[in-house]
Every structure is written in structure tokens, then in C-alpha cells.
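Protein chains: 4
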Amino acid sequence: MLHFDSDYMEGAHPKVMERLLETNLEKTVGYGQDDYCMKAAEKIREHFGCPDALVQFLVGGTQTNDTVIDALLKKYEGVLAAESGHINCHESGAVESSGHKILVLPSHDGKVWASDVEDFFISFLGDGSRDHMVYPGALYISFPTEWGTLYSLSELEELSAVCHRYCIPLFLDGARLGYGLAASDQVTMKDIARLCDVFYISGTKVGALFGEAVVAPRPELLPHFFTLSKQHGAILAKGRLLGLQFDALFTDNLYMDISKQAVTQALRLKEAMIARGYKPYIDSPTNQQFFVLPNGDIERLSGSVTFEVWAPAGQDSSIVRFVTSWNTTAEYIDKFISLLQ
Amino acid sequence: MLHFDSDYMEGAHPKVMERLLETNLEKTVGYGQDDYCMKAAEKIREHFGCPDALVQFLVGGTQTNDTVIDALLKKYEGVLAAESGHINCHESGAVESSGHKILVLPSHDGKVWASDVEDFFISFLGDGSRDHMVYPGALYISFPTEWGTLYSLSELEELSAVCHRYCIPLFLDGARLGYGLAASDQVTMKDIARLCDVFYISGTKVGALFGEAVVAPRPELLPHFFTLSKQHGAILAKGRLLGLQFDALFTDNLYMDISKQAVTQALRLKEAMIARGYKPYIDSPTNQQFFVLPNGDIERLSGSVTFEVWAPAGQDSSIVRFVTSWNTTAEYIDKFISLLQ
Amino acid sequence: MLHFDSDYMEGAHPKVMERLLETNLEKTVGYGQDDYCMKAAEKIREHFGCPDALVQFLVGGTQTNDTVIDALLKKYEGVLAAESGHINCHESGAVESSGHKILVLPSHDGKVWASDVEDFFISFLGDGSRDHMVYPGALYISFPTEWGTLYSLSELEELSAVCHRYCIPLFLDGARLGYGLAASDQVTMKDIARLCDVFYISGTKVGALFGEAVVAPRPELLPHFFTLSKQHGAILAKGRLLGLQFDALFTDNLYMDISKQAVTQALRLKEAMIARGYKPYIDSPTNQQFFVLPNGDIERLSGSVTFEVWAPAGQDSSIVRFVTSWNTTAEYIDKFISLLQ
Amino acid sequence: MLHFDSDYMEGAHPKVMERLLETNLEKTVGYGQDDYCMKAAEKIREHFGCPDALVQFLVGGTQTNDTVIDALLKKYEGVLAAESGHINCHESGAVESSGHKILVLPSHDGKVWASDVEDFFISFLGDGSRDHMVYPGALYISFPTEWGTLYSLSELEELSAVCHRYCIPLFLDGARLGYGLAASDQVTMKDIARLCDVFYISGTKVGALFGEAVVAPRPELLPHFFTLSKQHGAILAKGRLLGLQFDALFTDNLYMDISKQAVTQALRLKEAMIARGYKPYIDSPTNQQFFVLPNGDIERLSGSVTFEVWAPAGQDSSIVRFVTSWNTTAEYIDKFISLLQ
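As you go down the protein sequences, you meet chains G, R, C and P in turn.
Numbering-wise (the working numbering), the first sequence opens with residue 1 and increments by one.
Numbering-wise (the working numbering), the second sequence opens with residue 1 and increments by one.
Numbering-wise (the working numbering), the third sequence opens with residue 1 and increments by one.
Numbering-wise (the working numbering), the fourth sequence opens with residue 1 and increments by one.
Please keep in mind that the hints were generated in silico from the structure rather than gathered at the bench.
Keep in mind that a hint or two might mislead.
As a list, the in silico EDC-like pairs of lysine to aspartate or glutamate whose alpha-carbon atoms are at most 20 Å apart [as the list claims (entries may be wrong)]: (1) P:Lys-27 - C:Glu-271; (2) P:Lys-15 - C:Glu-18; (3) R:Lys-27 - G:Glu-331; (4) G:Lys-335 - R:Glu-26; (5) C:Lys-335 - P:Glu-26; (6) C:Lys-74 - R:Asp-257; (7) R:Lys-27 - G:Asp-334; (8) G:Lys-27 - R:Asp-5.
In silico contact screen, one side only, chain R against chain G (beta carbon under 10 Å); selected entries [claimed, not checked]: (9) Leu-58; (10) Asp-66; (11) Leu-209; (12) Phe-226; (13) Ile-235.
Output of the computed footprint for chain P on chain R, the stretches with three or more beta carbons under 8 Å from beta carbons of chain P [as the list claims (entries may be wrong)]: (14) 94-100; (15) 130-142.
For each residue, glycine too, the CB sits at the ideal point set by N, CA and C.
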């Protein structure tokens with residue numbers, strides 16, 4: 001059986017596990033105040049070119065989105081996001097449970113357009129009833145998006161510009177950041193840190209057992225973020241586990257190497273599907289691939305491959321999703337291709 | 001340097017690490033829907049004698065307290081707890097951030113007395129203004145308490161009885177449950193499950209990298225608990241990591257064996273301190289030991305031992321805390337004793 | 001100058017003021033526990049044919065929506081509502097600030113269709129990820145809607161049926177309930193109480209200084225609603241003011257008489273506008289009338305009439321709203337008509 | 001029957017009612033944007049000597065406390081208050097429902113001591129675990145307190161100083177402000193505005209039907225307070241009703257005249273009780289008087305007088321409260337005194 005359900009089906013990259021093992025019985029202080037966390041944070045600051053950044057390691061994605069958004073918003077503010085945004089769809093209302101409305105923008109294959117943000121502000125600021133409405137207080141985007149798509153560098157620059165023109169922070173959900181950077185021929189780590197006010201770096205889906213590294217290049221944007229994270233239940237007692245994992249991932253280019261591997265294999269899968277006559281539902285350059293498949297083919301394939309059936313597409317077909325991970329080898333894709341014949 | 005700061009200074013018990021390693025590259029579904037979680041839950045149900053229990057694995061203690069309490073309370077209710085309760089002191093207001101008041105009861109060496117619960121209800125129900133007040137909706141206790149003390153079996157039975165007389169659930173914070181059970185000559189796993197409506201089993205502090213197992217013997221008390229946990233950011237994507245760790249801990253009596261080891265060594269440390277002439281601040285039978293030490297001795301000892309200075313005790317002394325863990329060996333305590341001479 | 005900005009521009013109906021005056025120096029207990037509130041509640045139960053109903057008087061609309069929705073929803077649930085719903089647009093995120101997502105349905109001239117509710121549930125229940133989503137826990141509708149439109153009796157019956165088929169309560173925002181009932185030739189007070197699980201009766205916009213009467217025909221749906229209302233800051237100290245006003249409104253058919261007066265005059269205004277060649281934006285039978293007006297005409301008219309400019313409608317026109325109230329006389333509309341010539 | 005249950009048993013002062021009546025059928029814009037509100041705000045700024053102050057009229061006390069505290073606190077902060085504070089006892093957990101913990105200080109006859117605030121900060125700032133705790137973000141006091149007591153001018157100055165030394169705002173609950181100012185021979189309106197960062201002026205209990213005027217001498221402390229108030233359901237649609245009432249109260253010294261009347265009569269009642277041999281429970285100079293009465297006397301008196309039985313005081317006695325209001329005449333107290341004989 002081959003599995004393409006998601007990119008969190010395995011444990012961690014062997015080098016990450018090695019790090020955890022070799023330090024397992026050391027004693028350190030808790031809550032991320034240890035040297036491993038300091039060191040990992042420093043490596044992240046270097047890679048992303050933001051020497052003064054606050055770096056805080058949290059455990060999971062929903063938790064991170066909720067905590068960061070709660071930290072960025074004032075109580076009368078909401079967060080702008082694409083209708084397809086993860087926070088709007090699959091986080092059980094975490095943002096709202098912290099008191100904030102999600103102000104929905106159109107999704108363009110998962111992306112938010114700067115012009116839609118601009119239009120929102122023009123309409124909001126021109127509305128005589130705006131004091132009875134929710135103020136837009138931050139913009140949430142994901143890179144790559146929930147549909148596997150990527151912002152171009154100029155799209156990111158435009159979003160950053162429109163946010164700063166209207167004085168709101170740009171927050172980038174990097175739950176798959178490695179795969180996005182690996183797939184982009186334009187956007188670099190330093191671009192992310194230059195254009196975003198807060199972002200996070202996926203560990204969970206990119207080689208770690210778990211963990212997300214929140215980065216705020218200008219730390220004053222997230223005052224007392226540790227305490228707010230604690231309040232959100234997001235601080236790990238044995239915080240060093242996060243530091244150790246990110247330290248391993250940001251040593252010897254491991255993070256980008258394994259991300260590239262996943263993307264390369266995803267594109268091979270994509271080509272094979274196209275060659276077999278299947279139509280991509282969306283043209284994704286990353287490790288998530290969406291196709292429209294006849295339901296009969298889905299049933300047949302399900303005998304030997306697992307993947308997610310995303311949504312119906314007409315009467316007899318469905319949108320399906322195949323996801324590769326840092327652990328997907330060329331041989332694994334070879335087997336998949338042979339199954340397609 | 002010897003370390004007695006806390007019981008979360010190391011990684012995990014080698015058998016736990018082994019389980020994680022040997023399954024590391026397996027692919028399973030996420031969010032705890034995998035077989036390892038099912039198996040671990042089943043073992044827990046057996047050990048605690050609650051065959052129908054809901055078992056949900058979460059990541060950390062603050063998160064678990066907040067999520068369970070939020071699940072148990074109606075919106076107009078608060079939670080009763082000792083003034084010294086962890087939720088009231090060191091969780092950054094997590095319970096309140098979910099909208100609920102903590103209704104403070106006196107702390108008797110960390111414990112809540114059934115008579116105080118009774119008095120609270122008598123006073124509340126007799127108060128003509130009670131509709132303008134916060135309703136008591138659950139009782140939170142910890143076992144062992146934050147001061148290392150234990151409820152006797154009859155104390156637990158009385159608390160359970162008073163809760164049920166007033167129709168509120170009894171919730172037991174088991175962030176150190178193993179150490180409590182190991183130290184008690186009365187209270188068993190089955191007593192916990194019989195007397196409490198919801199409790200959780202410490203992983204973080206008792207042999208795991210992280211993880212707390214929430215148990216509700218009557219699952220109808222926690223409807224849609226998975227979704228509420230997701231909303232609280234408490235669901236781990238690679239949920240199997242929790243199942244694997246609890247499976248290891250509940251195999252071959254590992255959980256109780258390592259808990260007993262910690263308690264045995266804590267009691268040796270306690271004896272040695274007393275023999276050296278130091279006075280316990282509180283008479284704790286568990287892995288946390290509190291002493292009143294002259295500040296001069298604290299300074300001297302700090303050269304070779306780390307521990308927490310809890311609070312001032314008069315002009316020249318302080319309350320300090322020594323904590324052992326599942327990994328504290330007899331040799332480690334020998335070294336500590338030799339330092340005391 | 002003539003004013004059609006809204007239906008809350010005046011004080012209260014003279015008979016309401018008279019009631020307040022004649023009882024002004026009486027002393028009664030607070031918080032609505034007085035006889036006037038009891039009497040008013042009883043009259044409401046009789047008019048609406050729900051003898052066992054809980055009746056709770058609150059102060060304003062946003063407050064009432066937020067409090068009732070918070071009372072009806074479990075913590076993992078959200079409320080279904082039309083995109084145009086007042087709670088989704090003009091309540092500054094009150095529902096979200098209480099922790100709940102608004103699950104948006106299409107607005108059909110302000111109305112929700114039962115088939116959209118049905119589709120939502122079919123899609124939600126069929127979604128394998130539903131445990132990561134917000135559960136639909138109640139349906140919010142308004143009668144009349146924010147666009148002045150009305151549900152027919154069969155539409156209401158279908159909504160009631162679909163809600164009960166999926167076990168969620170139907171909550172009707174009656175911030176203009178009198179005008180809706182006066183305009184409908186189908187829906188009666190008793191229909192409202194028969195088909196809705198909770199609704200409220202406008203005082204603010206229909207003859208009172210302020211006040212909304214929440215009615216739950218089956219009171220068990222709103223346990224401890226007084227305390228939850230107090231928590232929401234919605235309980236008036238001098239509660240009798242609410243009872244007195246509703247008592248006056250529900251004496252000698254005053255509530256319906258003044259509602260009908262407003263609707264009659266609104267329809268005269270509508271006819272005059274149409275006769276003058278203006279096109280209704282939406283065909284409203286109630287006291288709110290929406291027209292598309294050339295911006296030049298808006299400017300000219302603004303010299304002698306005030307009204308709300310709702311939204312742009314193309315380059316040179318806008319949607320405008322004219323609202324009559326219980327205090328709008330035939331002479332007032334005569335003057336308006338003469339201005340149109 | 002004589003009534004001393006509370007100071008919100010009647011309607012409004014005749015001059016207030018007159019204002020409402022004479023403007024009743026005027027049409028104004030809603031939500032407090034009308035001229036009456038502007039005018040009333042201006043009078044308040046003049047009386048209190050704070051020409052730049054934000055003045056926002058809300059409806060009731062619990063609502064005002066909750067909204068102001070929510071506006072002042074960051075999400076990781078709580079509010080300091082006396083254990084006896086109204087927000088801690090009789091507001092159904094409103095502050096907590098907005099996400100904030102109440103950090104309890106000792107109550108000294110209802111008052112907070114500056115030295116306790118200082119001690120709290122010294123202990124908090126010296127606590128190595130403070131990042132796991134709730135930050136103190138504001139101080140709540142009431143004037144007069146819930147026990148009818150008053151801060152002296154120097155006590156207020158000390159509280160103001162300690163708050164500003166630790167950079168937190170001082171918020172004064174003025175739900176009975178008039179009675180406090182009337183009873184104090186030291187503290188003036190201008191002192192309140194000079195020493196407090198936010199306070200509010202009672203309408204509900206001092207001559208109005210309802211209404212509280214929030215005043216922030218430096219408005220930048222409450223950004224977008226209107227929108228936050230709307231979110232809290234605290235904005236009255238017919239906002240002018242609040243402006244009209246406060247305009248009347250702050251015309252020709254009415255507010256202070258009626259407050260003084262209430263205090264004068266309360267002190268006569270107090271003297272008579274003492275002369276009759278009863279002991280004050282607390283020495284209150286304001287319109288609330290607390291006595292310890294034998295339960296037999298309470299029963300006897302209850303035949304002709306209503307008042308609140310506050311709490312038991314030993315076996316056979318209870319603490320009772322008598323409250324006068326702006327409407328309590330000398331004749332009314334004469335009758336009471338004659339009943340005592």
C-alpha cells in the first residue's frame with residue numbers, strides 16, 4: 001500500500017531522531033529557556049536574515065495560528081484571510097474561540113490578491129457604519145496555500161505593501177514553508193522575513209516529530225508572547241525538544257534538502273498523472289497535487305494507494321489530493337507510477 | 001552539578017524512545033486515529049478499570065486543564081479549586097481566557113477539603129444574589145498536589161461524594177499521577193477512575209517526551225471532546241506519537257516502576273536532609289520535597305546542586321523545592337547525600 | 001427637514017411614556033423581578049400562545065443576539081446565518097467575541113433558504129474532516145430581514161422543519177418584529193412561537209424607549225438565562241422599566257396598531273417613489289424601503305430629507321434606504337410626496 | 001411599607017423625566033452621535049475639569065465594568081481588585097467571560113490599600129515564574145466601595161501614584177459616585193479626574209432611569225472604545241436618552257444636590273439606629289448603612305420595612321443593609337425612626 005494522504009504520516013527525519021536520542025538523558029531547564037533552543041533560534045535568524053527576530057517554538061499549526069493571530073489583534077479587530085484559509089476551514093473555530101472574526105476575502109486558487117485587500121479597506125474606510133463593524137487588524141496568508149499554490153515574489157511584495165499602507169501586519173502561515181521555498185524559483189527565506197511581520201516555519205510537516213517556529217523580525221510586534229502562548233496552552237514543558245529538532249533541521253541545509261526531495265517527487269507524480277490523462281484540478285508546483293478523477297478510477301486506485309478525496313466534482317468525478325513528504329523516495333514514486341499503468 | 005529543579009528536565013525513558021525509533025518511518029493516519037492510539041487507550045482502560053472510558057491524548061498540562069475545564073463547564077459556571085491550584089497560579093490565566101472564573105477554596109497543604117466544598121455550596125445556594133454570581137460547575141483537584149501532598153482514599157471518597165451530591169463533576173489533574181499512585185498506600189488506579197469524573201495521566205513528567213492522557217470513565221461527560229481539543233490547539237497532527245509513548249509506559253508495569261523509583265529516591269533525599277537537620281516545609285510523601293533552608297546554605301549548595309527557591313520564609317530563610325524524576329538513580333542521590341556532609 | 005434614517009430616531013409612544021411617568025416614584029425590586037415584568041411577560045405569553053414560555057427582557061438588539069446565541073451554542077458550535085445577517089455585518093463581532101463562528105449561508109434578498117440549510121448539513125455531515133470544523137449549532141434568521149423582506153409562512157415552516165430535522169434551534173431576530181407581523185398577511189404571533197425555538201420582540205424600534213423581549217416557548221432551552229444575561233451585561237437594574245413598556249405595548253393592541261401605521265405609511269412612500277419613476281432595489285413590504293437613486297437626485301433630496309445611502313449601485317447611482325416608524329403620520333408622508341414633485 | 005433595599009428602586013428624578021418628555025417626539029440620529037450627548041459630555045468635562053476627555057455613555061454598571069476593563073487590559077493581563085469588589089462578587093463572571101482574571105487583593109472595609117498594590121508588584125516582579133502568571137494590567141476600585149466606605153484624598157493619591165509607578169491605569173467604578181462625592185469632605189470631581197485614568201459617573205443609582213458615563217481624561221487610553229462597547233452590546237440605539245438624562249443631572253447642580261439629600265437622610269437613619277442601640281457593622285459615611293441586627297429584630301422590622309440581609313453574623317444575628325436614594329425624603333426617614341421606637 002502506498003500512502004499519499006498527508007505529509008504528517010511518519011515520525012521525524014533520522015538526523016532529527018539522532019539528535020533527540022543523543023541528548024535524551026541530559027538535564028536542561030524547561031519551557032525553551034535552554035541552550036538548544038537559543039542555538040536553534042540563532043540559526044533561524046541567520047538563515048532568514050533577521051538578526052533581532054523573536055523566535056518562539058510552539059507545538060502545532062492550529063495552535064500557532066490561533067496564538068499569533070490573538071497576539072496581533074486588538075479586541076475590536078478581525079483577521080483578513082482567504083475563504084479557503086486553513087483558519088477559516090479546518091481549525092474548529094479556534095480564531096473565533098479567542099474572540100476574533102475572520103474577515104473573508106476571495107480565494108484565487110488559495111491565494112489572496114493585494115487588490116482584494118485594497119478594495120476591502122477602501123470599502124471599509126468609506127463605510128459610515130464602520131464603527132459598528134469589525135476592524136481589519138491583520139492579514140493571514142499561507143505559503144504554500146491550502147491548494148498547494150505559491151505567491152510569486154511580486155505578489156508577496158504587493159501584499160506586504162498593501163498591509164503596510166493600511167498599517168496592519170502580514171502574517172504568513174508556514175505550515176509547509178519548506179515545500180513552498182523549495183518549489184519557488186523566486187521567493188527566498190530572506191524575502192519571507194523581509195516582507196512578513198510574523199511567519200512560522202513548519203517542523204511538523206517537514207522532518208520533525210512536531211514543532212513550529214514563530215518568527216517576528218521586529219519582536220516588538222509580539223510583546224509578552226511567551227505568556228500569551230502559555231495562556232493558549234502552546235508552551236512545551238520540555239521545550240528543548242523543539243530546539244533540538246530545529247537545530248538539526250537547520251544544520252547542513254537539511255531543511256531545504258528534504259523539502260526539495262518532496263517537491264521533486266511530487267512533480268514526478270504530477271507528470272505521471274498527466275501522462276496518464278488525468279487533469280490537475282489546480283496547477284500546484286509544491287508537494288500537494290490536486291487532480292480530478294473519475295470515481296471509478298478512485299475506487300480502483302484505492303486498492304493500492306491511499307489519498308484524500310477532497311470534494312465532489314460533478315456527478316461522477318471528485319477532486320483528490322496526493323501529498324508527498326520529506327520521506328518520499330524516488331522508488332516510492334516509481335511504484336506509484338507502475339500502479340498507474 | 002546535580003539537578004533537582006523539576007521532573008521535566010530529561011527526554012523520555014529509553015523504552016519509550018525505542019518505540020518511537022522502531023516505528024519512526026511507518027506511515028499512519030494523523031490526529032490519533034491510528035492503531036497505536038487505540039491500543040494505548042485500551043491498555044489504559046484496562047489498568048484503570050473503566051472499559052467504556054473516553055481516552056484522548058493531548059500534549060501538555062496547561063492545555064489539558066484548560067480544555068477539560070472548558071469542556072465541563074457551562075458558560076455561566078466557574079471551577080472550584082484550591083488557592084494553590086496550578087490553574088490558579090501558573091497557567092497564565094488560561095482558564096479565564098476561556099471565559100471561566102476560578103472559585104477559590106482554601107488550600108490545606110495544597111488539598112481541598114470536602115467540608116469546604118460543602119460550605120461553599122451551602123453558602124452559595126443560600127445566597128439570594130446567587131443569580132448574579134458565578135455558578136460552581138466543577139471541582140478541580142490535583143493528585144499529588146502542587147505541594148507534593150496526597151489525598152487519602154477517604155478524602156477522595158468524600159470529595160467525590162460531595163461533588164455528586166451537588167451534581168458537579170470531579171476533575172483530577174494528574175500531571176504527576178504516577179508519582180502520587182506510587183507514593184500512596186491506599187489509592188489505586190481503579191480508585192481514581194471510580195471516584196473521578198475526568199482525570200488525566202501524566203506522560204510529560206513520568207517517562208514520556210510529552211503527553212497527557214485524558215480519561216472520562218463516562219464518555220458522555222465530554223461530548224465532541226476531539227473538536228473542542230482541536231479548537232484549543234491541543235490535538236497533535238502526528239497523534240500516534242502520543243499513543244506509542246503511552247503504549248510503552250503501560251507495558252510491563254513500566255509506568256508504576258519508574259514512578260516508584262522516583263519516589264524512593266525522593267524519600268532518601270528527604271531523610272538525608274532531615275538527618276542533616278533541615279526542616280521539611282511540608283510533609284510530602286512524593287517526588288517533590290519542600291524544605292526551609294537558611295539562605296546561606298542555599299547559596300553554598302547552589303554551587304553544586306540546582307533546585308527551585310520557592311518563596312521567602314522569614315528574613316533569612318527560604319522555602320526550596322527538590323524534585324526527583326523517573327530517571328533519578330540511587331547513585332545520583334548518593335552523590336547528593338555526600339554533598340550534604 | 002424630514003427624517004427617514006431609521007426607526008429609532010424618536011423616544012417612545014406617548015402611552016409608554018405615560019406608564020413610565022405614572023409609576024415613576026413607586027419603589028419596586030430590581031432586575032426584572034417586579035410585578036410589572038411578570039404582568040408584561042404574561043401578556044406576551046398570551047398573545048403568542050406559549051403559556052410556559054420563558055420571557056426575559058433585555059435592553060438592545062446586539063446584546064440580545066449575542067446573549068441568546070451564546071446561550072444556545074455549545075463551545076464547539078457556530079451559528080448559521082445569511083451573509084447579510086445583522087450579526088454578521090453590524091455588531092462589531094459580538095458573536096465571535098463570545099467565541100463562536102458565524103457559518104455564512106447565501107442571502108436571498110436577506111433570507112435564508114431551507115434548502116441551503118439542508119445542503120450545508122449534507123455537506124458537513126458527509127465531510128470526513130468535520131471533527132476539525134465548527135459544528136452548526138443554531139440557525140439565526142431575522143423577520144423582517146435587514147433588507148425589509150419577509151418569510152412566507154411556508155418558508156418559515158420549512159426552516160423550522162429543517163432545523164428540527166438536524167436537531168438545532170431556530171432563533172428569530174425580531175428587532176423589527178412588529179413591522180414584519182403587520183406587513184405579513186400570513187404569519188401571526190402564534191406562528192412565530194410555534195415555529196421558532198427562541199425569538200425576540202422589538203421594543204426599541206416599535207414604540208418603546210428601548211427593550212427587547214426574549215421568548216423561549218420551551219424554557220429548558222435557555223437554562224440560567226438570567227445569569228448568562230447578567231454576565232453579558234444585559235440585565236437592567238431598574239428592570240421594571242422594561243416590563244412597564246412592554247405592558248403598555250401589549251395593551252389594547254397598541255403594538256400591532258402602531259406597527260401597521262408604520263407599514264401603511266412606508267407603502268405610501270414606496271408607491272410615490274415608484275410613481276415618480278424610481279426603481280425599488282428590493283421589493284419590501286415592510287417599513288424599510290430600498291431604492292436605486294441617481295446620485296444627483298440623492299444630493300437634491302438631501303436638502304430636505306435625511307435617509308441612509310446604503311451602497312453604491314454602479315457609477316452614478318446608489319442604493320438608499322427610507323425607514324418609517326410607529327410615529328410616521330400620513331401628513332409626514334404627504335409632505336415627503338410633495339417634495340418629490 | 002418603607003423600602004431601603006437599594007438605590008435603584010424608583011424611576012428617575014422628575015427633572016430627568018421632564019427632559020425625556022419634552023424631547024420625546026424629536027427625531028435625532030442614533031447611537032449617541034446626537035447633540036444632546038455632545039452637550040452632556042461637554043458639561044461633564046467642565047465639571048470634572050478634563051477638557052479633552054473621552055465621554056461615552058453606556059447603559060449599566062456590570063456592562064460598563066466589563067467593557068472598560070476589557071478595553072484597558074492586554075490579553076495576558078488581569079485586573080487587580082479588592083476581594084469584595086463588585087466585579088469579583090456580583091457580576092456573574094463578566095470580566096472572566098471576556099478572558100481576564102481578577103487578581104484579588106485584601107479588602108479593608110471594601111478598600112484597596114496602596115501598600116497591598118505595591119506588595120503585589122514587588123512579589124510579582126520578583127517571581128521567577130512570572131511569565132507563567134497573569135500580568136497585573138489595571139487596578140479596579142469603587143468609590144464609594146461596596147461597603148459604603150470612602151477613600152480619603154491621600155489614599156486616592158497614593159493609589160494613583162502606585163499605579164503610575166508600575167505603569168497601570170487606575171479605574172474607578174463610580175456606580176454610586178454622586179453619593180461618594182456628597183459624603184466626602186475631601187474628594188472633589190476634579191480630584192477624581194486628576195487621579196484616575198478611567199472612571200464612570202453613576203446615572204442608574206443617582207437620579208436617572210439608567211445610564212453610566214465613562215470618562216477617560218486622556219482619551220488615547222481607550223482607542224475605538226465605541227466599537228468595543230458595541231461588541232459588548234453596551235451601545236444604546238437611542239443614545240440620546242443617555243445624553244438627555246446626564247444633561248439634566250449636570251444642570252443647576254442637580255446631581256450633587258440629590259446625592260447630598262440621600263447622604264443626609266442616610267446619616268439620620270444611622271444615628272437613629274445607633275441611638276436605638278444597634279451597632280454599625282462598618283462605619284459608612286454614605287447612602288449605604290450596614291448594621292448587625294439580632295435576627296428577632298430583623299423579623300419584627302420586616303413587617304414594615306424592607307432591606308437586604310447581607311450575611312450571617314454569628315448564630316443569632318445578621319448583617320443588614322439600609323440604602324437611601326436621591327428620592328429619600330426627611331419625612332420618609334421620620335417614619336422609619338418612628339418605627340424604631
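Taking 20 Å as the top limit, are the C-alpha atoms of Lys-27 of chain G and Asp-5 of chain R close enough?
Holds, because 10 Å separates the two Cα atoms, which is no more than 20 Å.
Is the Cα-Cα distance between Lys-15 of chain P and Glu-18 of chain C 20 Å or less?
Holds, because 15 Å separates the two Cα atoms, which is no more than 20 Å.
Confirm or reject the coverage of the stretch 94-100 of chain R by chain P under the rule of 3 or more residues with a beta carbon closer than 8 Å to the chain's beta carbons.
Since 5 is at least three, the answer is holds.
Less than 10 Å between beta-carbons is the criterion; does Ile-235 of chain R satisfy it with respect to chain G?
Given a least distance of 7 Å, the restraint on Ile-235 of chain R holds.
Checking one constraint from the list: CA of Lys-27 of chain R to CA of Asp-334 of chain G, max 20 Å. Satisfied?
holds, 18 Å
Check the hint pairing Lys-27 of chain P with Glu-271 of chain C against an upper bound of 20 Å on the C-alpha distance.
violated, 24 Å
Restraint outcome when Leu-209 of chain R is required to lie within 10 Å of chain G by C-beta distance:
With Cβ-Cβ at 6 Å, under 10 Å, it holds.
Regarding the hint that Phe-226 of chain R lies at the interface with chain G, is the smallest CB-CB distance below 10 Å?
Given a least distance of 9 Å, the restraint on Phe-226 of chain R holds.
So is the stretch 130-142 of chain R in contact with chain P by the C-beta rule, three or more residues under 8 Å, or is the coverage claim wrong?
Holds: 4 residues of the stretch 130-142 of chain R have a Cβ under 8 Å from chain P.
Under the criterion of a CB-CB separation shorter than 10 Å, is Asp-66 of chain R in contact with chain G as hinted?
Given a least distance of 5 Å, the restraint on Asp-66 of chain R holds.
Restraint status (C-alpha distance of Lys-335 of chain G to Glu-26 of chain R at most 20 Å)
OK: Lys-335 of chain G and Glu-26 of chain R at ~17 Å, within 20 Å.
Using 10 Å as the Cβ threshold, decide whether Leu-58 of chain R counts as touching chain G.
holds, 9 Å
Going through the hint list in order, the structure does not satisfy hints 1, 6.
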